[in-house]
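**Student:** Required output: the full structure, derived from the provided sequences and hints.
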Amino acid sequence: MNSLDIARWQFAITTVYHFLFVPITIGMSLIVAWFHTSWVRNHRPADLRLAKFFGKLFTINFALGLVTGIVQEFQFGMNWSAYSRFVGDIFGAPLAFEALLAFFLESVFLGLWIFGWGKLPEKVHAATIWIVHVGTLLSAYFILAANSFMQHPVGYKFNPVTGRAEMTDFIAVLTNKVQLVTFPHVVFSCYMVGGAVVAGVSLHLMRRSAASTVSGSSVDAAMYHRSTRIGAVVTLVAALLVMGSGDSQGKIMTEVQPMKMSSAEALYDTTDSAPFSVLSIGSLNGQHATRIIAVPGLLSFLATGKFGARVDGINQLKPQIAALAAKVTERYGPEVGKLAMSPTYTPNIPLAYWTFRLMIGLGMAGAAFSALVLWFTRGGRVPRGRLWTWVALAIPLLPLFAISFGWIFTETGRQPWLVYGLLTTAAGVSPTVSATSVLISLLTFTALYAALAVVEVRLFLTYVRHGADPFHAPVKPEDVTDDAPLQFAY
Amino acid sequence: MSLITFWFIAIGVLWTGYLVLEGFDFGVGSVLPILGRGTDAEDGEKRRRVLLNTIGPLWDGNEVWLITAGGAMFAAFPLWYATMFSGFYLAFLLLLVVLILRNVGFDYRHKRDSAAWRRGWDRAIVVGSVAAPVLVGTALTNLVHGTPINADHNFTGSLLSLLNPVSLLGGVALYALSLTHGAHFIALKTDGPIRADARSLATKAGVGAAVLGTVLLVWLGVGYGGNVWSWITTGIAAVALLASIALNRKGTEGWAFVGTTVAIAMAVATDFFILFPNLMVSSTSAANNLTTANASSSHLTLQIMTGAAAAFTPIMLAYTAYNYWVFRKRLTVAHIPAAVAVH
Chain L
1 MNSLDIARWQ FAITTVYHFL FVPITIGMSL IVAWFHTSWV RNHRPADLRL
51 AKFFGKLFTI NFALGLVTGI VQEFQFGMNW SAYSRFVGDI FGAPLAFEAL
101 LAFFLESVFL GLWIFGWGKL PEKVHAATIW IVHVGTLLSA YFILAANSFM
151 QHPVGYKFNP VTGRAEMTDF IAVLTNKVQL VTFPHVVFSC YMVGGAVVAG
201 VSLHLMRRSA ASTVSGSSVD AAMYHRSTRI GAVVTLVAAL LVMGSGDSQG
251 KIMTEVQPMK MSSAEALYDT TDSAPFSVLS IGSLNGQHAT RIIAVPGLLS
301 FLATGKFGAR VDGINQLKPQ IAALAAKVTE RYGPEVGKLA MSPTYTPNIP
351 LAYWTFRLMI GLGMAGAAFS ALVLWFTRGG RVPRGRLWTW VALAIPLLPL
401 FAISFGWIFT ETGRQPWLVY GLLTTAAGVS PTVSATSVLI SLLTFTALYA
451 ALAVVEVRLF LTYVRHGADP FHAPVKPEDV TDDAPLQFAY
Chain C
1 MSLITFWFIA IGVLWTGYLV LEGFDFGVGS VLPILGRGTD AEDGEKRRRV
51 LLNTIGPLWD GNEVWLITAG GAMFAAFPLW YATMFSGFYL AFLLLLVVLI
101 LRNVGFDYRH KRDSAAWRRG WDRAIVVGSV AAPVLVGTAL TNLVHGTPIN
151 ADHNFTGSLL SLLNPVSLLG GVALYALSLT HGAHFIALKT DGPIRADARS
201 LATKAGVGAA VLGTVLLVWL GVGYGGNVWS WITTGIAAVA LLASIALNRK
251 GTEGWAFVGT TVAIAMAVAT DFFILFPNLM VSSTSAANNL TTANASSSHL
301 TLQIMTGAAA AFTPIMLAYT AYNYWVFRKR LTVAHIPAAV AVH
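Chains as they are written, first to last, in the numbering used here: chain L, 1 to 490; chain C, 1 to 343.
Quick caveat, the hints were computed from the structure, so don't treat them as lab data. Every residue, glycine too, gets a C-beta built ideally from N, C-alpha and C. It is possible that part of the hints are untrue.
Which residues of chain C face chain L? A partial, calculated answer using Cβ under 10 Å [as the list claims (entries may be wrong)]:
# : residue
1 : V50
2 : N62
3 : L66
4 : M73
5 : Y81
6 : K111
7 : A115
8 : S158
9 : T301
**Tutor:** See below:
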């Protein structure tokens, strides 16, 4: 393997890993904020217990989201220096905005929220976790704007004097049409995961409390029953919004990256009323692939909104995409044209085909399970049977992995481009960093991340098993004496 | 002043903010085994928890200054960011690893009631709190010292190119400064025996930091073309350090902390004054230097960044100040509640 392949593997591993924590952070901060606010309004003990309990799970997750995020920022410069030089003028700004507007907000206000018990007036305290949530959304906006530039570069021109792409319109970068459909799709999918974590954890604890004879367990069962349903409703509503926004995203994707949509179905030849297959057998290399349950016209609908519309095939698109590269040479000369030259202009088609299905399939399964939970918990019912333990586990994992596959699909589906139609991935890698260095880095991060995953999951599960702490009325800041122990401490 | 110069200064200010703020939490993290030694195991654990709680709500926000400095370099001087981050590859890899383990340590240490668990994370915190400032100090000094950079602005050296005496001194001196700064912070934020121990540690560390820091800055000024500005900042740094030792001995901990704040800020300023107008010196050929002129972003990008910085930095500073104000009280072992962690 050369440094390019290793750098790509590292980006894939570190990014997918980082994005396991991101949806939980975005989604759970909303639900914790909701419980905390509900406590401030109604002073119902269950709300405070749930806010603190899910807050703890949230912080266990946030810790790893934060540290793996720092790696992401450094990685662009370390492994992709040619890319950073070429588009830093445009790509750097959203990253700097993200740090200044979002990361400070998240970090400072999360510190205030975690340590604020007995220090902050109760309304101010509840406000801090809302501000953390706003910070997570701002962060998502800026980083997705940066990603959308790679998917569909806008608001820039090439400067022949500096030999770099330069910003001409920042508003255009922030309101990229890809961004406008990607941001809602990603945020709703994060809400889906946040709701699903709450639903899955609560379902498990509700069943355990309902089966227990310890005093107070019926109160706990009722509390978890409510949070199970809240989580499941959030998951289900978010799932519908994910589908709606995903549908718009498909149409924009067909417009700006037709190859990605055709690869998603492994559609080799241009077809009217193109079908969409649920599964297929075969190598997906254009020959002898047997489609299983192909829905006629569905791909055309996903791509354009019309069942009868024509969808371009991979074979017909190939010369069109290659022409993009030729256009770069024509406009900016052979020096820059080299950056757009690739031996092939098709992505890994089986990967695109399967990740697209896994994204949709796992997401839908997650939504279906939460609907099932809502049905079986109606009117105070508590579902029995050991199978439900697996349902509790599956509910959060299904949408979480759906998101991973979604990212793998959209990032590998863009290949060979790093910046679509302008710069190939091969041209973006750091030219003088040796393969050995990148390999050391890849192995280090993989080992470290694997070890941290074990520690994190075990800690998370320990706290899930422990459940919500009993209710203690919080002490107001004005009632805290000078030498009283802290309400929260490391 | 041109926008390009403004952004050179802004990045210097961001690094300063990072090293002043995280500087004290590096110092606090690294003295766990020294100031966290109690009369018995239980007292020691309480003392370590006091130390960690002085920075508990603060360290995370402090670290964002590093991410912002990196982001600002990427946006304002993409070539600087690209060459430095790809060039100082293994050093930055190590920096990431130690920061990750240290941060997770802060977050996870208190989450299990097990001595072995706490001991493990304590090690991560101590190693990270010592190694990170050494690595950052080495990296920033190397910008001035010069590293092999070719005509395409690509780094052509190896890890060994970074391990030169002046840069290593830069690393060690930055740690010594952070240690003193952290000891002042502990003296300012705690009470009882820890406060007294922190003050006596600060004096010893301060002497070390003053010697190392002054030698470093004079070496940089003499060996790497110091100018009027860099000699002024060097002078202020030396005076501030000596004053902070005296102030600490006198017992005015707040002013001693201000002293090390000024000293760290002026040390970073000296590095940047000597560096200007270069961003990275090439040891291969002066023609290959990255400079403010050849590495900056377009005027429009710098304008947008300037607007954002002008609008949002005051807000960020205001809520950061609020955070420090909320947690302003001195802590003692009496403030440490019983461990609530799950076993």
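**Student:** Taking the closest Cβ pair, is T301(C) under 10 Å from chain L?
**Tutor:** holds (5 Å)
**Student:** Would the hint on L66(C) stand, with a C-beta cut-off of 10 Å toward chain L?
**Tutor:** Given a least distance of 8 Å, the restraint on L66(C) holds.
**Student:** Given a cut of 10 Å on the nearest C-beta pair, is the interface hint for S158(C) held or broken against chain L?
**Tutor:** holds (9 Å)
**Student:** How about V50(C): closest beta carbon in chain L under 10 Å, or not?
**Tutor:** Since chain L brings a Cβ to about 9 Å from V50(C), closer than 10 Å, the hint holds.
**Student:** If you take the shortest Cβ to Cβ gap from A115(C) to chain L, is it below 10 Å?
**Tutor:** violated (16 Å)
**Student:** Given N62(C) was flagged as interface, is its beta-carbon under 10 Å from a beta-carbon of chain L?
**Tutor:** Nearest chain L Cβ about 8 Å off; hint holds.
**Student:** Have a go at the K111(C) hint: is there a Cβ in chain L nearer than 10 Å to its own Cβ?
**Tutor:** OK, holds: K111(C) within 10 Å of chain L, min 6 Å.
**Student:** Have a go at the Y81(C) hint: is there a Cβ in chain L nearer than 10 Å to its own Cβ?
**Tutor:** Y81(C) check passes; min Cβ-Cβ to chain L is 5 Å, inside 10 Å.
**Student:** Is the interface hint for M73(C) satisfied, with its Cβ closer than 10 Å to some Cβ of chain L?
**Tutor:** Given a least distance of 8 Å, the restraint on M73(C) holds.
In terms of the numbered hints stated before, the structure departs from hint 7 and from no other.
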